[in-house]
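Student: Protein chains in written order, with the working numbering: chain A, 1 to 207; chain B, 1 to 207.
One should not assume that every hint holds.
For chains that are exact copies, the list does not tell them apart, and a pair is met inside one copy or across any two.
To be verified - Mimicking BS3-like on lysine-lysine, the simulated pairs with C-alpha atoms at most 25 Å apart in a straight line are: (1) Lys6 / Lys196; (2) Lys44 / Lys201; (3) Lys46 / Lys133; (4) Lys139 / Lys46; (5) Lys117 / Lys149; (6) Lys6 / Lys75; (7) Lys196 / Lys118; (8) Lys74 / Lys4; (9) Lys119 / Lys102; (10) Lys44 / Lys75; (11) Lys4 / Lys149; (12) Lys115 / Lys46.
Bear in mind the hints are in silico, worked out from the structure with no lab data behind them.
There are 2 protein chains.
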Amino acid sequence: MALKYKLTYFDCKALGEPIRFLFRYGGIEFEDDRFESEMWPQLKSKMPFGQAPVLEYDGKVINQSVAISRYAAKKVGLAGADDWEALQIDATVDTITDMRLKIANYHYDNDAASKEKKKEPLMKETIPYYMPKFEEQVKRNGGYFVNNKLTWADLYFVAVLDYLNWMVGEKILLEGGPTLNKPTAKLVLENYHLFKAWIAKRPDTTY
Amino acid sequence: MALKYKLTYFDCKALGEPIRFLFRYGGIEFEDDRFESEMWPQLKSKMPFGQAPVLEYDGKVINQSVAISRYAAKKVGLAGADDWEALQIDATVDTITDMRLKIANYHYDNDAASKEKKKEPLMKETIPYYMPKFEEQVKRNGGYFVNNKLTWADLYFVAVLDYLNWMVGEKILLEGGPTLNKPTAKLVLENYHLFKAWIAKRPDTTY
Numbered sequence: 001m002a003l004k005y006k007l008t009y010f011d012c013k014a015l016g017e018p019i020r021f022l023f024r025y026g027g028i029e030f031e032d033d034r035f036e037s038e039m040w041p042q043l044k045s046k047m048p049f050g051q052a053p054v055l056e057y058d059g060k061v062i063n064q065s066v067a068i069s070r071y072a073a074k075k076v077g078l079a080g081a082d083d084w085e086a087l088q089i090d091a092t093v094d095t096i097t098d099m100r101l102k103i104a105n106y107h108y109d110n111d112a113a114s115k116e117k118k119k120e121p122l123m124k125e126t127i128p129y130y131m132p133k134f135e136e137q138v139k140r141n142g143g144y145f146v147n148n149k150l151t152w153a154d155l156y157f158v159a160v161l162d163y164l165n166w167m168v169g170e171k172i173l174l175e176g177g178p179t180l181n182k183p184t185a186k187l188v189l190e191n192y193h194l195f196k197a198w199i200a201k202r203p204d205t206t207y
Numbered sequence: 001m002a003l004k005y006k007l008t009y010f011d012c013k014a015l016g017e018p019i020r021f022l023f024r025y026g027g028i029e030f031e032d033d034r035f036e037s038e039m040w041p042q043l044k045s046k047m048p049f050g051q052a053p054v055l056e057y058d059g060k061v062i063n064q065s066v067a068i069s070r071y072a073a074k075k076v077g078l079a080g081a082d083d084w085e086a087l088q089i090d091a092t093v094d095t096i097t098d099m100r101l102k103i104a105n106y107h108y109d110n111d112a113a114s115k116e117k118k119k120e121p122l123m124k125e126t127i128p129y130y131m132p133k134f135e136e137q138v139k140r141n142g143g144y145f146v147n148n149k150l151t152w153a154d155l156y157f158v159a160v161l162d163y164l165n166w167m168v169g170e171k172i173l174l175e176g177g178p179t180l181n182k183p184t185a186k187l188v189l190e191n192y193h194l195f196k197a198w199i200a201k202r203p204d205t206t207y
């Protein structure tokens, strides 16, 4: 039997979806292993550094979603034509992660008062800081994040968008939202089109 | 005149030091451009996404310290022999970053009461969760983080250690600290030895 990748994650898009997008983009077969949230306490202790998603291949298991996405991007030819281009892609994804972590810092705050206090700066400062800069970058790069061509930075952004919107609690980062202008909306739509078949058949989860 | 890298950062080690270590490891000349903290408000608006360090080369400027470190690692041959090894290195660095961000979430909390509340879980749960796992990994890999050989994961860890200890407020992550056992202490010492010349002559900053 041929070796096959196995991606283990919650039954949601979130941090697993960029990897799923990338494997599908390159037609790389993989086992889309999803577990229910109730299973997590049991599974967590078995995961390297207590995290998911993890990728399994040839008896080896590895964590960290962004690192796995980069690996998948290399396998499907979307990781950059040279070292500087790879750097531009990596920097873009890390900046998307910076924004994601700021949104998560609000969303996952269990203290209601503290969470409420974080909402206005997030909505009025953080997101309106990042999004126009992303727009500018996409506009400057012919409708893509880097060098006028599709790279895993584009797929990464589009694949985590539902998760970001869900954490924010409003579709502020989606088409029609106040912070999303034409260049990025077009990028999102084109990617949705690219993954139409997958989007139509993937498990229907909120985020 | 030959093209030369320019690394612009605060006058401290922190997130700039891994890049400095990596360039020095490979004997790549670079301008170690440091600015005083008072200059930051002025400089911030000129930085892509308002962040430092940034790397300049051939008229191009790029942000994101980890992405820049990976780029430098490729230039000096420490970025892994194949895609899976690169993935192992990337995952390790991202996990070090996870721990760093949890420490930073405590250290940079401006609310004294909230900060105090974070201290015990950080010291008694977070750090004692990560460090023994790192120890185990280093032990399993012959004194290195990945595959029994020096990679940029090792240099990254050692280069940010002063910054991590400074944020924690105790040398808990250093040799002699309660969470650091032999494998990682040895890795740290060997790296200190490798960069002895640089450590002796670099600007003397707290973190």
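Student: Taking the hints in turn, state whether each one holds.
Tutor: Hints and how they fare:
1. Lys6 / Lys196: within (22 Å within a copy, 43 Å between copies)
2. Lys44 / Lys201: neither (28 Å within a copy, 45 Å between copies)
3. Lys46 / Lys133: Answer is between: at 12 Å across copies they meet the 25 Å cutoff, but 40 Å inside does not.
4. Lys139 / Lys46: between (44 Å within a copy, 19 Å between copies)
5. Lys117 / Lys149: For lysine 117 and lysine 149, the Cα distance exceeds 25 Å both inside one copy (40 Å) and across copies (47 Å).
6. Lys6 / Lys75: within (15 Å within a copy, 32 Å between copies)
7. Lys196 / Lys118: neither (36 Å within a copy, 44 Å between copies)
8. Lys74 / Lys4: within (16 Å within a copy, 28 Å between copies)
9. Lys119 / Lys102: Cα proximity of lysine 119 and lysine 102: in one copy and across copies (11 Å, 21 Å).
10. Lys44 / Lys75: For lysine 44 and lysine 75, neither the intra-copy (28 Å) nor the inter-copy (36 Å) Cα distance is at most 25 Å.
11. Lys4 / Lys149: neither (29 Å within a copy, 27 Å between copies)
12. Lys115 / Lys46: Neither way: lysine 115 and lysine 46 sit 31 Å apart in one copy and 31 Å across, limit 25 Å.
The structure fails to meet hints 2, 5, 7, 10, 11 and 12 from the earlier list, while all remaining hints are met.
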